[in-house]
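Asks: Listed below are the residues making up each chain.
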Amino acid sequence: MYLIPLIQIVNNMKNLIFILLVSSMSLCAQKNEKIIFQFEKQKDWLGESNDETIFKINNVHSFRFIKNKHEKIDVKYDSIRDNFTSYDSFLQKNKGKKYPEYFNEYSFYIFIKEKENYGCLIEVEKIWTVEDKIVD
Amino acid sequence: MKNKTAMLFLIVGAMTLFFACQKDDVQPEKQIVGKQLPDLKATIFRGNSIIKSNRKLNTAIQKFSPKHKNDVLQRTIYSETYDLSIDTTVVQQIETSDYVSYTFYVERESPSSAILENYVFTVYENDSISQMLIAYPIVNTSDYITYDIPNAMVTYIQDDLLIYQRSTTSCASLMEFQEGVCVSKKCKDNIHSVFSEDLAACIWNGIYAASYTCTEGGWVDTGCINHMGGRPDGPAPPDGSSGGSQNDNDPVVVVVVPLPDPTPAYQGILNCINGMGGLDQTDNTIIDEALLASLNLTMAQTSQMINYLADNSCSEQAQADVIEELLAIFDEQIFIDEEFENNACLKSVYDAMGKASTFNNYLKNFEAEFSVAHLRFSSSTTLPSGTNAETSAPENYLIEITFNENKLNRPRLSVARTFIHEIIHAEIFRKLLAVAQHPSIQLDQNQIIQLRNDYPGLYDYYMRWKWNLPQTPSSAQHEAMAQHYRDIIKQALEEYDGTQTEMTYNALTWIGLMGSGTFNETTGLYSNSTQAWRNLNQTERLNIINTQNVFNSANPNCQ
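First to last, the protein sequences are chains A and B. Residues in the first sequence are numbered from 1147 upward in steps of one, following this note's numbering. Residues in the second sequence are numbered from 10 upward in steps of one, following this note's numbering.
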């Protein structure tokens, strides 16, 4: 009979921790507007090395997560789903602004859905990569 | 930056030590000798596998070793009669239709630094055998060792325990590999060479014109050398002949090739650093032998390091100093894979290109001590049939250029064109890596702005053709090279071979920069043509393609 209140307390604590973490990330981000891309396995790519993970949105646009520099937090899917942006929308939004300076105006996150209603929100930074093999 | 490779160097070394115990001492490790002899099959076997598997050789060598008749797996075999030992860790086998010969390196208790001694055991087609000792005078230079082959001394040997094949009519025909030689002949005015900027001022034609020609080099038979009756520093073998069925009227010429001391010159460095230091040492740092071998240290460098370690009793500080020096050399390396090295076409074009300033200047960017990138040249037989070569973006500071060995059936100048084309790719990667300050090219916000400031052209092309596109990117480097690098390519080609027309050079520079995809013979366009190629009119494009085709059909192939 004490089980249900206990679950509620745990859920409340989870939400509290989430709010605290998002707040701290927001503070670190110095009020930059947050851009959140939802990672989609079908069209995006990620690669991991020892202490960093590279994400490629649309398999082209690269972002980097660095361990000990960026944060990862568990987030409720319902609480974040309305904040997702596509990369094309992001480009459209910044049309006419000076490239690549306008990236400074934003903090970037990638959300990877893991369970039915939860996922991992990963703080990342924009990078430009070259890893192709040139065939002649 | 490149000193981060130090970690790799040492880790690989540690791994080699760990797995070293898994090596099978008698496992035949077969490798073809770098330069093949004509009409001969020359092979070097490591370990004793060849001796063990060859009954006749095994029997003969056991006889050669009265002290250790039953142990053919020891490193050396001793002959009391001649007071010498044969190193059996490396055996050079030369096979012809008439015989098979096995060459061993000869060790002596008091070795002479003036000669290289080889023992050659030959089994003829009719099952008779012969044995020779050959002494090659050593010619020392500061960087490498060569042998005075024409003055080598051949001694047929025998003793009671050896089956001796007399041979007054047989002889050893000594083979020498001679490098190709390039000769630049000046114009008859004795002023202009093919490398002169104002070569056009040379008014002479034909045999009086300036020219630059190279011979290919190869194996040269220096002729039959009569055997000697005795040895200069050992007991003379008994005279006379015994056994054997060689016909005096039908001499068999045995071809021999010097087999140098299989113990690498750098062994002294390994002995000190990898385990034979002082008792008070606690440092476990070791050097991987394969990596040390890949440095191709000169004799002078090797001697200097060995002497330094010896003078300092192999102290930890001396070891650290030598390792630091080795790492510095490692950082300055341009790596050349064995397959590339052994490909006569690729190696000769590479060597000749290295003498031309434009290509060499690019190479130097990778040799510099503080260069951010390593460069590796390799070759492959498995690249797609339409690929001449490919250059990979840096990974762990390494940029690799791989040539397709199946696409060398084209003129040497065309192969040279691929060399300069690929090294420009490597140079662009190197510049991007210098900005990225990372083992691979990953530029953050500040670095991308730095790229815009330092290399605005590269920034522009990468933005236009790769990074700032919502769709699949095109080849930014090819777009940039087609517009801005063709003059450099042309200059490098003229330096390599100054005998072609202006129109030919110009046409060759376009190869690889016209675009990709389906080719339209009417328009001269590819489905994904570069912008610079599109900017030419149709007549210009078709003329260029025609000139390329004429050049390819009018000149001999490199391979």
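Just so you know, the hints here were simulated from the structure itself, not pulled from any lab data. Positions of the beta carbon are idealized from the N, C-alpha and C atoms, including for glycine. Be careful, since some hints might not be right.
Computed footprint of chain B on chain A; a stretch qualifies when at least three of its residues, placed anywhere within it, have a C-beta under 8 Å from a C-beta of chain B [what the hints assert, rightly or not]: (1) 1244-1250; (2) 1267-1277.
Okay, derived cross-link-like pairs now, DSSO-like style, lysine-lysine, Cα gap no bigger than 30 Å in a straight line [claimed, not checked]: (3) A:1259 with A:1272; (4) A:1213 with B:440; (5) B:373 with B:416; (6) A:1243 with B:475; (7) A:1177 with A:1241; (8) A:1241 with B:194; (9) B:195 with A:1279; (10) A:1187 with B:475; (11) A:1189 with B:416; (12) A:1279 with B:373; (13) A:1202 with A:1222.
Asks: Now tell me, hint by hint, if it's right for this structure.
Replies: Tested hints:
no.: 1; hint: 1244-1250; result: holds (count 5)
no.: 2; hint: 1267-1277; result: holds (count 7)
no.: 3; hint: A:1259 with A:1272; result: 21 Å, holds
no.: 4; hint: A:1213 with B:440; result: 27 Å, holds
no.: 5; hint: B:373 with B:416; result: 27 Å, holds
no.: 6; hint: A:1243 with B:475; result: 19 Å, holds
no.: 7; hint: A:1177 with A:1241; result: 21 Å, holds
no.: 8; hint: A:1241 with B:194; result: 62 Å, violated
no.: 9; hint: B:195 with A:1279; result: 42 Å, violated
no.: 10; hint: A:1187 with B:475; result: 22 Å, holds
no.: 11; hint: A:1189 with B:416; result: 36 Å, violated
no.: 12; hint: A:1279 with B:373; result: 22 Å, holds
no.: 13; hint: A:1202 with A:1222; result: 23 Å, holds
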